[in-house]
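> Taken in sequence, the protein lines are chains A and B. As numbered in this note's numbering, residues 4 to 270 make up the first sequence, in order. As numbered in this note's numbering, residues 1042 to 1420 make up the second sequence, in order.
Honestly, the hints are just simulated from the structure, not real lab data. Ideal Cβ positions, reconstructed from N, Cα and C, are used throughout, including at glycine. A portion of the hints provided could be inaccurate.
[Stated by the list, open to error] For each label pair, taking beta carbons as the anchor points, the in silico distance ranges come out as:
#1 D246/A / E1320/B: 23 to 33 Å
#2 K1402/B / I259/A: 17 to 27 Å
#3 E1320/B / A251/A: 49 to 59 Å
#4 N26/A / N1311/B: 57 to 67 Å
#5 P1385/B / Q235/A: 43 to 53 Å
#6 Y264/A / C1215/B: 22 to 32 Å
#7 E1411/B / E212/A: 24 to 34 Å
#8 R262/A / N1405/B: 38 to 48 Å
#9 N112/A / R1325/B: 42 to 52 Å
#10 W1310/B / C19/A: 57 to 67 Å
[As the list claims (entries may be wrong)] Lysine-lysine pairs mimicking DSSO-like chemistry, simulated, CA-CA at most 27 Å apart:
#11 K191/A / K1389/B
#12 K34/A / K1367/B
#13 K34/A / K1078/B
#14 K239/A / K154/A
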Amino acid sequence: MIEEKKIIAAIDPDLCSFIKLENHVWKINAKEMYYKDLNSILRIIVQNGAKKVEIYNVCGQRYIGTDLNSDVQIKIFGTPGNDLGAFMNGPKLIVNGNAQDGCGNTMNNGEIVIHGQTGDLLSHSMRGGKILVRDDVGYRVGIHMKEYHDKKPNIVIGGTAQDFLGEYMAGGVILVLGLNLTKGDCCKARFVGTGMHGGIIYEREKILEVGAGTKIMNTGKRDKLTIETLVQEFCKNFNLDFDNVMNAKFYKIVPISKRPYGKLYSH
Amino acid sequence: MRNLTKTNNPYGDDKDFSGCSIFGMMNLEGNLFSSDKIVKAITNMHDRGNGQGGGFAVYGIYPTFKDYYAFHIMYLSRHAKEKTDKTLAAYFNIIYDEEMQTKPANVSNPPLVWRYFVQPRKIRPKGKLIEDYVLETVMKINTEIKNSFIFSSGKNMGVFKGVGFPEDVADFFCLEDYKGYLWTSHGRFPTNTQGWWGGAHPFNILDWTVVHNGELSSYGINKRYLEMYGYKCTMQTDTEVLAYAVDLLMRKQNLPINIVTRILAAPLWNEIDLMKPKEQEMLRTLRQTYSSLLMNGPFSVIIAHHGEMIGLTDRIKLRPLVAGTKADILYLSSEEAAVRLVSPKLDKFWSPRGGEPVIGKLTNPLLFAESSILEENRT
């Protein structure tokens, strides 16, 4: 209780009435709250040890989850704004709704689970952590994703992806399940893997048409392990039957060259 | 903006990250509604703009004067008004005119804004369409009279725009007093040209309006092409060409919207190569005929005229656009949150693909048609 008072004292008195603590869960009513205020509240309560946060009536507030450096779990109800989890380092965000553009932008560590769909630029330049999306995603998902040693970003898309999936991708894993497609249907995605020079895109059945510079291959033993681990986690989060999802053929899309544009300016 | 030093702002993060915001809302049954929802929605995207421009287009607002052209004119000097009044009187019968109703608001340097309801005089040459006569006069005033700009020239519709955030512009023009069945709005973050009252969106000619997020790098080519057809660009902003292009293609040349979108956001050549021979032939012809009307660069736009609202992005979707429907209402927006704010539960919500239009049409297309057209339909 003493701790709670200390934390509340650090918060702008005008905002205190929007926050309450129930059973160790911090509940924030973000209705009409400015995004900077919301993020500053999050910073204060997380710095002071909050482990569980619920934010209600979220409507367009940007950058939620950024600058927290903790493994706090944040449940979001509503539609969070652009760059959800940008530069995020550690938290787990659970969104009950759709995410907008730029979700997971340059994310370093942590997890984002979206019970809905996302806009464009999901996991732009992502360098670590995990993103699970139940439904569809927009344009340029995984653009510039990268990996380094043990830092390896993973994203799983339950539905379909749009154009430029994995554009300039340099590392990490994207798994597209296409669970909402009927058999024989494809994602309406052009230019998949344009400029891709690292990382892997997995697909469940042949639902992606690859662009120039990439090739489709059968999956091997190690691929299977990666896919199974990701699908397991996906099914656990969205309450799906693992065997059902796995009962399909998986393929992988990889770049043909590590330097697709190496000769672009050489003659 | 709230003073953050009180709470915690260790990084001084008051930098602007922006992009324009667009929002459109149309009642497909033609029922009129007030400004509160659209103002609320565009205000939710406040941070996309920077206060250098905001505006609204409303359709169905002047039922009493619906048969007359409603001109909204901004004057940067008294002298400009005197000159414009003379020119207007030479070409039109002025049925009614008044100073636009405004109130003090957080907008910068408002000009004098006047509203006229006019009827073209009978002196117009035989064979010339009334619309072309009006268009030519608008172009004449905008180019020849200094400090005078007609920024709205359609029937039973109006554009309200200025320098400020959209919510402030709404305040300034007392938009709460108007009702329409189709509203579009814009919050501006100018990139290439200065923010001034004429440069705010929507851009308009006759009853066509455009709000735009992005940048038309093809502006120069588009502008020169449109000049051949008598359209003169005076508002110093790229978006203007789009308004004139749709007027040329849809009104003058009477092309259907699904062709027009394929001119403005033409499929890439390598996509055309993969199409069926007949389709290939058509698209090649369109790209060759209208190469100067291809809108290059990133854009998402909402185009509107009586009876129709169209959302469109560039071919590779470099700017955002989402769409949603709830009962009779179609929403188009830069961000989903703005739609959810005014309509939390939607019947349908989707992200349109690049270059593919979202089209909202009145269920009864004749509802707001001009009396003369209704007459023709009856006989």
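> Indicate, hint by hint, whether the structure satisfies it.
How the hints compare with the structure:
1. D246/A / E1320/B: 23 to 33 Å: Violated: the Cβ-Cβ distance is about 43 Å, outside 23 to 33 Å.
2. K1402/B / I259/A: 17 to 27 Å: 46 Å Cβ-Cβ, so the 17 to 27 Å window is violated.
3. E1320/B / A251/A: 49 to 59 Å: violated (33 Å)
4. N26/A / N1311/B: 57 to 67 Å: Roughly 58 Å apart at Cβ, these two residues keep to the hinted range, so it holds.
5. P1385/B / Q235/A: 43 to 53 Å: Violated: the Cβ-Cβ distance is about 33 Å, outside 43 to 53 Å.
6. Y264/A / C1215/B: 22 to 32 Å: violated (56 Å)
7. E1411/B / E212/A: 24 to 34 Å: Given a distance of about 47 Å, which is not inside 24 to 34 Å, the answer is violated.
8. R262/A / N1405/B: 38 to 48 Å: violated (60 Å)
9. N112/A / R1325/B: 42 to 52 Å: holds (50 Å)
10. W1310/B / C19/A: 57 to 67 Å: holds (60 Å)
11. K191/A / K1389/B: Holds - the C-alpha atoms of K1389/B and K191/A are around 19 Å apart, at most 27 Å.
12. K34/A / K1367/B: holds (22 Å)
13. K34/A / K1078/B: holds (16 Å)
14. K239/A / K154/A: holds (23 Å)
When each numbered hint is compared with the structure, violations occur for hints 1, 2, 3, 5, 6, 7 and 8.
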